[in-house]
Each structure stands twice: as structure tokens, then as C-alpha cells.
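**Q** Just so you know, the sequences run in chain order A and B.
Numbering that gives the first Met the number 0 numbers the first residue of the first sequence as 0 and each following residue consecutively.
Numbering that gives the first Met the number 0 numbers the first residue of the second sequence as 0 and each following residue consecutively.
No lab work stands behind these hints, which were simulated from the structure alone.
Keep in mind the model is a prediction, meaning the values are calculated, not measured.
We treat Cβ as the ideally placed atom computed from N, Cα and C, and that holds for glycine.
Hints should not be assumed to be uniformly reliable.
Claimed, not checked - Pulled from the structure, derived: some chain B residues nowhere near chain A, Cβ distances all over 10 Å:
1) Gly12
2) Val34
3) Phe53
4) Pro56
5) Gln120
6) Tyr129
7) Met136
As the list claims (entries may be wrong) - Examples of chain A residues lying across from chain B (beta carbon under 8 Å, computed):
8) Leu62
9) Arg109
10) Arg110
11) Arg113
12) Leu118
13) Met121
14) Arg131
15) Gly145
16) Ile146
17) Gly147
18) Arg151
19) Arg173
20) Leu174
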Amino acid sequence: MSESAIDLFAPAAHDSPSKNAATTTDGRRVSEPSKSKDGIALEPQSPLMETRGLCFEAGGKWLLRDIDIDIRSGRRTVIMGANGAGKSLLLRLLHGLVRPTAGEVRWQGRRLDRAARRLQAMVFQRPVMLRRSVRGNLRFALAVRGIGGSERAERETKALARARLADQADRPARLLSGGEQQRLSLARALSTSPRMLFLDEPMASLDPASTHAVESLIEQAHAEGVAIVLVTHDKGQARRLGDDLIFLHAGRVVEAGPVSQRLDDPRSPAMRAWSEGRLYLEGE
Amino acid sequence: MSDFGGILGEAAGLLVALDPDLMEIIGLSLRITLVSLVIACFIGLPVGALAGAFAFPGRSALIVLLNTLMGLPPVVVGLIAYLILSASGPLGPLGLLYTPVAMIIAQTILITPIVAALTRQVVEDLHLEYAEQFASMQAGKIRRILELMKDARYSLLTAVLAGFGRAISEVGAVIIVGGNINHVTRVMTTAIALETSKGNLQLALALGIVLLLLAVMINAGVMALRAFAERSALA
Numbered sequence: 000m001s002e003s004a005i006d007l008f009a010p011a012a013h014d015s016p017s018k019n020a021a022t023t024t025d026g027r028r029v030s031e032p033s034k035s036k037d038g039i040a041l042e043p044q045s046p047l048m049e050t051r052g053l054c055f056e057a058g059g060k061w062l063l064r065d066i067d068i069d070i071r072s073g074r075r076t077v078i079m080g081a082n083g084a085g086k087s088l089l090l091r092l093l094h095g096l097v098r099p100t101a102g103e104v105r106w107q108g109r110r111l112d113r114a115a116r117r118l119q120a121m122v123f124q125r126p127v128m129l130r131r132s133v134r135g136n137l138r139f140a141l142a143v144r145g146i147g148g149s150e151r152a153e154r155e156t157k158a159l160a161r162a163r164l165a166d167q168a169d170r171p172a173r174l175l176s177g178g179e180q181q182r183l184s185l186a187r188a189l190s191t192s193p194r195m196l197f198l199d200e201p202m203a204s205l206d207p208a209s210t211h212a213v214e215s216l217i218e219q220a221h222a223e224g225v226a227i228v229l230v231t232h233d234k235g236q237a238r239r240l241g242d243d244l245i246f247l248h249a250g251r252v253v254e255a256g257p258v259s260q261r262l263d264d265p266r267s268p269a270m271r272a273w274s275e276g277r278l279y280l281e282g283e
Numbered sequence: 000m001s002d003f004g005g006i007l008g009e010a011a012g013l014l015v016a017l018d019p020d021l022m023e024i025i026g027l028s029l030r031i032t033l034v035s036l037v038i039a040c041f042i043g044l045p046v047g048a049l050a051g052a053f054a055f056p057g058r059s060a061l062i063v064l065l066n067t068l069m070g071l072p073p074v075v076v077g078l079i080a081y082l083i084l085s086a087s088g089p090l091g092p093l094g095l096l097y098t099p100v101a102m103i104i105a106q107t108i109l110i111t112p113i114v115a116a117l118t119r120q121v122v123e124d125l126h127l128e129y130a131e132q133f134a135s136m137q138a139g140k141i142r143r144i145l146e147l148m149k150d151a152r153y154s155l156l157t158a159v160l161a162g163f164g165r166a167i168s169e170v171g172a173v174i175i176v177g178g179n180i181n182h183v184t185r186v187m188t189t190a191i192a193l194e195t196s197k198g199n200l201q202l203a204l205a206l207g208i209v210l211l212l213l214a215v216m217i218n219a220g221v222m223a224l225r226a227f228a229e230r231s232a233l234a
């Protein structure tokens, strides 16, 4: 179905140019290899998660086509694109909430299964708060994972401190502000010790102070080794929180690579138009 | 009007004096209704929750059936229960006809669809909100059902009380299978019908007042609970 995967963590700089570049599904070179902050090319790793020929069709329309991407452990991947490009759908496919029409999602080289999905967590744009206390929400997530007793109490305390909600532990969660709910949602997701965290525009409707608080939590999770996959529309946020960028247009990956590089120098017409704030219509 | 005032006064007198006949009828009504309600909840809550939370073959047919049965005519239920429980019916040998048990069976048949259909709607609405979060957390089916019912508890209470209201005010089915036998199967509604036809309006009105008071108390209780739940963001 697809010709080559988009490797967001491509081989080292001394490799041949053809190896350095990540390619889109149509074989186009779209990026240079990822480098660390001091400019040294990073060693390639085997991907934590990869997709091969991932497609999704609904109502006779292909919403995602030929998605081949690799996501590596400990990296922060940002998925961007215009409305309707398929960003949230891709996130749901990666997390196993939706079954692909064709292709597959692989976790550490194997098909994504229940055991692998237990190593992931997801935070949605609109935080889903159960109708119970802040602590009750945390307790539920831990109970589902079979964590009880003193370990659960310990994790609850840690999550409450992480979300800075310890003083509101017994308050109904739905009475929290939007920012507090999203912090709780994130802390709840992280309380299960995931290796990969999917974030579907979690700061979309938050004020700057709340956004900063949530971003801090994401940074903290990343520092603890959690791989982050974030959907956002915000270029500044992508620069702050992302290492690698995937740009989707009409259900296809049209650009991928290091965030700064791709945002500074978009090569695909779709991303260039989006970056310049122009509408981009197919066939333009 | 003066007649009505006099009857009302005498009815109030019966209530204040805790008239033994009156209390017996009220007690039997409550016992039959509460037992029916417990059985209806035992069946209707899980069936409604399953239909609300999960897709399975025959789900649509089940929902259509439940919604249809919500409007089941009580006299038809009474007739069916009568045929089943009568001497020539399949349960005839048990000798349940014209006993409180027969009335419980008829009332349970009547209110189980109400409890199940309302539960289905409440759980389905909540599940729409929780489904992706549950799927992300990989919550198992039994846990999902239990958590949905736990979080929907205040709304489910409305469903349960709707069942109670239907059962306590039911007359058609219970009079067919109960026979309205004095000191055995006479409940408030059947007694009101009988005493009115006999012209004993004081007792009929006293029972009517009790029914009305029960309805007011139930509605006030539900309203207070829902207000509390909404204030606490638990509903």
C-alpha cells in the first residue's frame, strides 16, 4: 500500500542523504534527521509505535490513507493539520479506539493488542469527568488497572500533588474549572504509568495560565520518559512541546520531521498554505 | 360544596384516627407495591443498563419491545396474568389467583418495562459521554455497567419512582388477579373504586388523600434529590 515509512527519528547525519530524509507515502523527501538540542544527530532507535499502510474509510470516503509513521520512545510528536485533516482520527487509531479499515498499528514490532494498550493513556479535548470526587476519578482509573491498597493510595496522593489539586481531593470533579479538570484528566492518565500519552488538543479551550499549567504537566511526563503524541493547532505550542511533527492534509501525511525545521520551512503546498493562514483547496 | 366539605372532614377524621381498616388497606398497598418494585428493579435496571451501554444482536428489537410495553394496558396485563394463574393455566396448581402474590406478579409485569426503558435512556445518554474514556482505560463490561449505574444513580432514582407511581396507582390488573377481597387483596385503588360505587365516600376520599400525599411526597423527594445532585455536579 505505502512505499516507505515516515521516520521521525531518522538515521544519523553521516548517512547518505537518501537515508537521512523521511519520506511521505508518495515517496517524497520531507525532512532531515532529528537532532538533539546541541545539533548532534541522534542515534536511531527501533520505534515504540509504527503504522503501516494505515487507512480508514467511513461512509464511502477515505478519511485517512496510507499512513506510515514511526514514533519512538521518549519523543514528543506533534500532529498538525487543518480541520478535518484526520488528526484526531489518527490519534484514536494509534490508541486502538478505532479499528483501521486497512493497514496496522504496531507496538514494539507487534500488532497493537490489549496488553500494549494498557501501556498507553489518552486525554481528550473535553475532559471526561466521572460524576464523583476528584479522588474518586483517580481511584477509578487505578482500580481499572487493578491497582489497589497502599499503592493506590500512594499513586492518588502523587497524582493529586502533580495536578495541584490536593486541597480539592474530595470536591466533585465536575465543579472544577476547565483548567483544573484538564489537569486532573492528565494526572489521572499519568497515574497509570503509561509509556505513551495521547493528547487530543487538551489546551484548546483553556486560558494562558491554565495552558501553562497543563503544558508543565506534559513536560514533566516527558521528562519522566513518557512518549507524547499531541494534536494541536497552535504553532507556538508545537514548538514548545514537540520534537517531531506530522502534518496531515486530507487524510494523508504530507510533511514530517523536526518541528522547528518543518514549521520554519514547510515544503508541501498544503502546509505552506496552512502556515501562511491561507485556505488550501485540493488541486490548487 | 357543604357535602363535599363534610365528606372531606370525615375522611380526615379516619386518617387522624388511624382507622384500622384504612391502615390495613394502605399497608397492603405499600407492601405489594414495594415488593413489585424491588423485583422490577432487579430485572429492569440491569436489562435497561445493558441495552443502554452495549450493542448486541436484537438490541433494537429489545428497545422497541420495552418502549411498547411501557404503555401496556393494565387490564390486558391483568387478563394475561389471570389466564396464567387460573386453575386451567400453567401456574394454576400453585393456587396464586386472588392472592397478594398474584397482584405482585401483575404489577411487576406492568412496571418492569417502565424501569428498564427509562434506565436504558439514562444509561445510554451517560455512556455517550463516557464511552471513549472507558475504552481508553480498557474498563471491562461489568465495570462499565456498574460505574454507569453508579454515576447515573440520581437519574435512575427517577426511573424507579416512576415505576413506584405506576404500581401504587394501578387498579385494572390488580382487581382482575386480586379480586378485591376484603382483608386479603384489597388495596387503595381497588378500595376507592368499590367504596365509591357503594357510596362510602368518606373512606374512598381518605384513601384518595393518602394516594395524593404519597404522590406529592415522592415528587418532592425526587425534586430535592435532583436539586442536590445538580448542585453537587453529581447528576
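**Q** Confirm or reject each hint.
**A** Going through the hints against the structure:
No Cβ of chain A comes within 10 Å of the Cβ of B:Gly12; the nearest lies about 47 Å off, and the non-interface call holds. At roughly 30 Å, the least C-beta separation between B:Val34 and chain A is larger than 10 Å, which holds for a residue marked as non-interface. Residue-level check passed: B:Phe53 sits 16 Å from the nearest beta carbon of chain A, beyond 10 Å. A cut-off of 10 Å between C-beta atoms confirms that B:Pro56 is not in contact with chain A; the least separation is 19 Å.
Here B:Gln120 stays apart from chain A, with its beta-carbon at least about 17 Å from theirs, past the 10 Å limit. The claim that B:Tyr129 is not at the interface with chain A is violated, since a C-beta of that chain comes within 10 Å of its own (minimum 6 Å). Distance to chain A contradicts B:Met136 as a non-interface residue, since its nearest Cβ pair spans about 5 Å, not more than 10 Å. Because the beta carbon of A:Leu62 sits about 17 Å from the nearest beta carbon in chain B, more than 8 Å, this interface hint is broken.
Annotation: interface hint on A:Arg109 violated; nearest CB of chain B at approximately 17 Å, more than 8 Å. Using the Cβ-Cβ criterion of 8 Å, the hint placing A:Arg110 at the interface with chain B is not satisfied: the shortest such distance is roughly 16 Å. For A:Arg113, the shortest C-beta to C-beta distance to chain B is roughly 6 Å, which falls under 8 Å, so the interface hint holds. Residue-level restraint check for A:Leu118 is violated (minimum Cβ-Cβ distance to chain B is 11 Å; threshold 8 Å).
Because the beta carbon of A:Met121 sits about 4 Å from the nearest beta carbon in chain B, less than 8 Å, this interface hint is met. Taking 8 Å as the C-beta cut-off, the interface hint given for A:Arg131 holds, the closest approach to chain B being about 7 Å. Annotation: interface hint on A:Gly145 violated; nearest CB of chain B at approximately 11 Å, more than 8 Å. The beta carbon of A:Ile146 comes no nearer than 12 Å to any beta carbon in chain B, farther than 8 Å, and the hint placing it at the interface is violated.
Hint on A:Gly147 is violated. Least Cβ distance to chain B is approximately 14 Å, over the 8 Å limit. Taken as an interface hint, A:Arg151 does not check out: its beta carbon lies about 15 Å from the nearest beta carbon of chain B, beyond 8 Å. Look at A:Arg173: its Cβ gets to within about 4 Å of chain B, closer than 8 Å, so that hint holds up. Restraint check, A:Leu174 versus chain B: the minimum CB separation of about 5 Å is within 8 Å; hint holds.
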